Amino acid sequence: MLAGPFNLFATTGFLAPEFRALMQLDWSPAQQRRFGWLLTALRLADGLIPHAAWIFGYRIYLWDMRSRARQGRRIV
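Be aware that the sequence shown starts at 1, since it is given in my numbering, and climbs by one per residue.
If you are wondering where the hints come from, they were derived from the structure by calculation, not from laboratory data.
Since this is a predicted model, take the numbers as computed values, not measurements.
Label pairs and their in silico Cβ distance ranges: (1) 56 / 27: 28 to 38 Å; (2) 29 / 56: 31 to 41 Å; (3) 68 / 31: 24 to 34 Å; (4) 29 / 62: 33 to 43 Å; (5) 71 / 16: 28 to 38 Å; (6) 74 / 25: 18 to 28 Å; (7) 33 / 67: 28 to 38 Å; (8) 70 / 3: 14 to 24 Å; (9) 11 / 43: 10 to 20 Å; (10) 23 / 48: 28 to 38 Å; (11) 73 / 6: 13 to 23 Å; (12) 40 / 70: 33 to 43 Å; (13) 30 / 67: 34 to 44 Å; (14) 75 / 20: 17 to 27 Å.
Note that beta-carbon positions come from the ideal geometry of N, C-alpha and C, so glycine has one too.
The whole structure should be built from the sequences, with the hints applied where relevant.
Listed below in structure tokens is the structure:
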């Protein structure tokens, strides 16, 4: 799954440091900087990309997850 590494990065970034430690997830200052850049880019994109385009992306993602679940394939 192409989004897997990105999803892990984003999820790890949103976790509090205590939870990262409990889950044994490494998080460096460089990763924190990249995560900050990601959030900045998303804030900018939110103002530029039409709402319908955002919703379309989420619907495709949801369709993929449901399709994988129906087929008995891994979702994550």
